[in-house]
Amino acid sequence: MTFSPELEKRIEKLLASYPSNRRKSALIPMLMYAQDETGYVTRELVEEVARRIGIPPVQVDEVVTFYTMLWRKPRGKYHVQVCTNISCLLTGGEELYEHTCKKLGLGHRETAADGVFSLEEVECMGACSWAPAVQINYDFYHHVTPEKLDQLIDDLKKVH
Amino acid sequence: MVNLTINGIAVQAPPGTLVIDAAKKAGIEIPAFCYYEGYSLQAACRMCLVEVEKMPKLQTACTLPVGEGMVVRTEAAAVVKARKTTLEFLLTNHPLDCPVCDKGGECELQDMVFRYGAGESRFTELKHHVDEKQWSPVVFYDAPRCILCYRCVRVCDEGMGVGALGVVNRGVLSEIAPSHGDHLECDECGACIDICPVGALTSGTYRYQTRPWEMQHVGTTCTFCADGCKTTLGIRNEKIVRGNNRDQSGINGEFLCVKGRYAFDFQEHPGRLTAPLMRINGKLEEVSWSKALAAVAAKFSEVKSRGGQFGVIGSTKTSNEENFFLQKFARQGLGTANIDHRRSGDIVTLIDALAGKTDALGSVQDAYLMKASLVVGTDLAQEHPLLAFQLRANFRHHDSHTYTVAAGPVREDSYSVAQVRAAAGEEMAGVESLRDRLAKEPELLVLFGASVKGEALRKLVAFVGSLGIAKVKYICLMDYSNSRGAMDMGLLPDLGPGYKPVSAAGLALPDMMASTGLDVLWIVGANPLARHELKSTGAFVVVQEMFLTETAARADVVLPASSAYEKGGTVTSGTGEVQRLHSAAKTMGAKPDLEIMGLIAKEMKLNLGIWANANVFEEIRREVRGYNIPLPTIATGQAVQTSPLNGRVAVASRPDLIQPAGNTLFTSGSLGKYSKKLTSVMEYPGALYKPQY
Ligand code: SF4
Ligand code: SF4
Ligand code: SF4
Ligand code: FES
Ligand code: FES
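These protein sequence lines are chains A and B, in that order. Just so you know, we're using the numbering used here here: the first sequence kicks off at 1 and counts up by one. Just so you know, we're using the numbering used here here: the second sequence kicks off at 1 and counts up by one.
Hints in this document: simulated from the structure, not taken from any laboratory. Even glycine gets a Cβ: it sits at the ideal position worked out from N, Cα and C. Hints should not be assumed to be uniformly reliable.
[Unchecked claim] To give an idea of the interface, some chain B residues facing chain A are shown, with a C-beta separation under 8 angstroms as derived from the structure:
#1 163
#2 164
#3 165
#4 166
#5 168
#6 169
#7 170
#8 172
#9 177
#10 178
#11 181
#12 217
[Claimed, not checked] A few chain B residues that don't get close to chain A, going by computed Cβ distances all over 10 angstroms:
#13 1
#14 36
#15 71
#16 97
#17 118
#18 162
#19 167
#20 179
#21 180
#22 505
#23 582
#24 583
#25 679
[Said to hold, decoys possible] Calculated pairs, BS3-like style, for lysine-lysine (alpha carbon to alpha carbon, straight line, at most 30 angstroms):
#26 148/A - 77/A
#27 304/B - 371/B
#28 440/B - 471/B
#29 291/B - 535/B
#30 283/B - 535/B
#31 471/B - 459/B
#32 73/A - 127/B
#33 73/A - 440/B
#34 24/A - 535/B
Starting from the given sequences, assemble the full structure and let the hints guide the process.
Below you can see the structure in the form of C-alpha cells.
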C-alpha cells in the first residue's frame, strides 16, 4: 500500500521517535494519520500498518475496534461530531444533537449516501468551557445553537 | 526468602514469587481463570482476589509478588463475596448451555461456579447473543461462552509465536477475533482450544461428538514426526475422537501441533487395508490371512533354500520391537544382510564424531533449558514443531540466545540473536561467521537438519568443539516418529543393533532398488517405490502396509498392518527418548507388523523367539546399547533418553543415503495425505479451503 509522500514522511518521523522494541506505541497515531488520508481504516490499511510496525494484523484490529475515533467504514467529507457529555448536556447538547440528526437525516455513526456528511455523537472533547461544542473534522465550533449549526451546515454544503 | 502468612500458615517463598504460586506450594488453592503458568500475566478475570492486611482493596493474587510480613487471607468474607460476584458477572451473558457444550464436565467455569458460585443472578436483562463462528476447519468460536481470559491469545502469540488471535471491540461486545478478519490463517495447532477454560473455542474434530465422561483416554506417542510428543487419545465407541495432552505429562507438556492433535483420523480412512491381498492372474485380490501367510512363507523358504537374494526394507514409523525383530528375521531367519530403511539424519556420523564425549546428545528438555542454541539448516517451526516450541519457551522464560543459520526466513528469526542466511549444504561458512559470538556462550545446543551430513557434520562438530564452550550438546533432526529407533535397532546394511558393525555389509536401500538380482523384496511399512524404480522386475514383493501405496500396488502379497495407534511397543524420538505406544483403536482385519512377522516366522518354522512386545523389548534392553532403561518409567508414560554407543562407528559414511522427506507442519510423507482434517486446512498444500461464512 502506498501513501502520499507527506504521510510517508510523517510516519517515518513517528516510527523514529520510539525505541525499536517499542514501535507498537506508534500504532494509534499512525492509524489516525493514515485514516485522514484514506478516509477510514480499510482491511488493507490494517495489514499495512501491522507490517510496518511488525505485529500480527489482529493486534491492529484490537485497537481499531476499541477506539471509536477509528472508523472501519467510510466517513463523510465533513465529519460532524456533537458532544452530549456532561457540560454540553447541561447547555443543550442533547437537543443540538437531535437537531443535527434531523438536519442531516443521519443517526449516530452514519454517513450520507453522497458521502458529504457523516454524524457522530461524541463524549467530552475538552471544550467544556465553550459548551455546547461541535467538532467538524479537526475544527471546533463553540456555543453552538441549532441556528448556528444550520448556518454551518449550509455553508459547508455551498463550498462543497 | 520472603516470609509471609497465608490463612494463618507461615509460608516462605523466593522474592518475586506470586502470591497465587506461594499459596499453591502451601497447599492452598486460589481460584483463577486468566492466570496460566508460563504465559504473561493478564489479571483479566478477577477470580483470584485475596485480602491482604494493610492493603485497602482486595488484590489479584496472580499479579501480586510476595512481600515480607505479608498477611494474606484467601477465604475472608470479603473474598468469598467477591468471587461470587465475579462469577455472577462472568455469567451475565453466558448462555449456560452446559448440557450441549463440549466442555461440560471438564469446564473450569462449571467447576468454579459449583464451588464458589452464586445460585442466582440479579441480572434480568436479555442476554447478549452472538452466533457461533467457524474460523477454520478445526477452530470454531462461540463468543457467548467466552470469559475473556486471554489464555488463547497468549498461547498463540507467546507459545506458538503465531499471534493469530486478538480481542476486538470493547465492554460487553468484546470477543476473540481471528488473524484474518473472518478466518484464521495460522498453525492450526488447536493450542487455543486446548487452553480455553470454557467451551468457547471448540475443535472441528471433537465438537458435539461426545460428552467427556463417556470417553476412555489412551496415552500414546504421536506418529507424525520425530519430536515424539505424547498424545492422549480420547476414544468413544472404539473411535478416536480427540487428541490432546491436557495432563501435561510426557516430554511435550501440553504441546501438540496440528498433526498430533487432529491428524489421527488417518486411522479410520476408508482406504485402510482390511484383508490380505494376493496377486492372482496379475491382479491383487483379497485372500484369507492363512493363505497369504502360507504363500509368503513358502516363497521365503524356497528362495532361502536355493540361496536366492533377499532385500528387506523397514520403516521409520514402526516400533522398536518391530524393527528389531525385522532385522533379526532378515539376518538370522533369511540369512541376508540386505536390510535398510530411508534415513533422514546422519546420526551415525554424529556418534562417530562425538566418540569419547559423554552426555553430548540433547533432549527436548535441553531445548528448553540450555542457555544458547544454534539452529542449522532447518526451518524448525515447520519441521520440528515441538523443538521450536521449546526454544521459544526457553527464550521467553530464560532469555536464551538462539542463532539461526538457514536458507530462511524462519520463524526463529523473530527472537534469535543472529540470523544468517545460507543455502542448504553451505551452512558451514555461516556458522563460522558466528565464531566470536558463539565462543562467548557458556552452553550451546546445536540442532542441525539433514543438509548437515557426512564431512559437513564432522566439520561442524570440530568447529563447535574448538570454541571451548563448557557444555555442548547436539540434536540430529530426523523425520518420523521412529527414525531414530530404526537406526538404533540396526535397520542398516552395515550396522546391527546398537551400531555394531556387521561382518559383511549388505545392500543399501537405493542399491537394492537398483539391483536386478533380487528374488524377494520384503517391505515393512515403507513406500520406496514412490521415489525409486524397482529394477528387479521379477522379484516377489511382499508389503506390510496400512494403505494401497505405490509400493503396495506393485506387491505380490500385501499384508494389512495396524497403525501406530492400534498397537503397543516403544518408539525412540529424534532426541533418543524412548516412549511407549498404547493401542487406542482397532481396524478389523489388520494386524500389528510384529505379529505379522511372527506369523511368517512360525509358518517358516523359524525360531526367532517370542514375538510379544515385552519379550522383544527385553531382548532390545540386553542387546542394544543404551536401551537398558528403567521399565517403570516408560510404563508410566514418561520418556527415557538412551545414550547410544560412545565410540567410533567403523563404517564408511554414506551421506548420499540421507534423504529426508522434507515435511512441513502440514505434511507427513505418505501418512498425512490420509488425514481428512489435516488435508482440509487452508495451509495444507493443495487444499482448497474456503471459509463458509
Ligand atoms: S490453532 Fe494454534 S496457531 Fe491457530 S489460532 Fe489457535 S493457537 Fe493460534
Ligand atoms: S476463547 Fe476461551 S481462552 Fe480465549 S479468551 Fe475466551 S474463554 Fe479465554
Ligand atoms: S510435533 Fe511432531 S510429534 Fe509432536 S504432535 Fe506434531 S507431529 Fe506429532
Ligand atoms: S462535555 Fe462536551 S466538550 Fe466537554
Ligand atoms: S487469575 Fe488473577 S485476575 Fe485472573
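Hints, verified against the model:
1. 163: holds (4 angstroms)
2. 164: Cβ of residue 164/B sits 6 angstroms from chain A, so the hint holds.
3. 165: With a minimum Cβ separation of about 6 angstroms from chain A (threshold 8 angstroms), the hint on residue 165/B holds.
4. 166: holds (4 angstroms)
5. 168: holds (4 angstroms)
6. 169: holds (5 angstroms)
7. 170: holds (5 angstroms)
8. 172: violated (13 angstroms)
9. 177: Constraint on residue 177/B satisfied, holds at 6 angstroms.
10. 178: holds (7 angstroms)
11. 181: holds (6 angstroms)
12. 217: Violated, about 33 angstroms.
13. 1: Check passes; 33 angstroms lies beyond 10 angstroms.
14. 36: Residue 36/B is indeed farther than 10 angstroms from all Cβ atoms of chain A, at 19 angstroms.
15. 71: holds (38 angstroms)
16. 97: holds (26 angstroms)
17. 118: holds (30 angstroms)
18. 162: violated (8 angstroms)
19. 167: violated (6 angstroms)
20. 179: Violated: least Cβ distance 5 angstroms, not greater than 10 angstroms.
21. 180: Violated, because the least Cβ-Cβ distance between residue 180/B and chain A comes to about 7 angstroms, which does not exceed 10 angstroms.
22. 505: holds (53 angstroms)
23. 582: Its Cβ never comes within 10 angstroms of chain A, the nearest being 38 angstroms, so this holds.
24. 583: The claim stands: residue 583/B keeps its Cβ more than 10 angstroms from every Cβ of chain A (closest is about 41 angstroms).
25. 679: Non-interface label stands for residue 679/B: nearest chain A Cβ at 26 angstroms, farther than 10 angstroms.
26. 148/A - 77/A: This hinted pair holds, its Cα atoms lying about 20 angstroms apart.
27. 304/B - 371/B: Measuring from Cα to Cα gives roughly 55 angstroms; hence the hint is violated.
28. 440/B - 471/B: holds (12 angstroms)
29. 291/B - 535/B: holds (28 angstroms)
30. 283/B - 535/B: holds (20 angstroms)
31. 471/B - 459/B: With Cα atoms ~18 angstroms apart, residue 471/B and residue 459/B stay inside 30 angstroms; holds.
32. 73/A - 127/B: Status holds; Cα separation ~27 angstroms.
33. 73/A - 440/B: Measuring from Cα to Cα gives roughly 54 angstroms; hence the hint is violated.
34. 24/A - 535/B: violated (61 angstroms)
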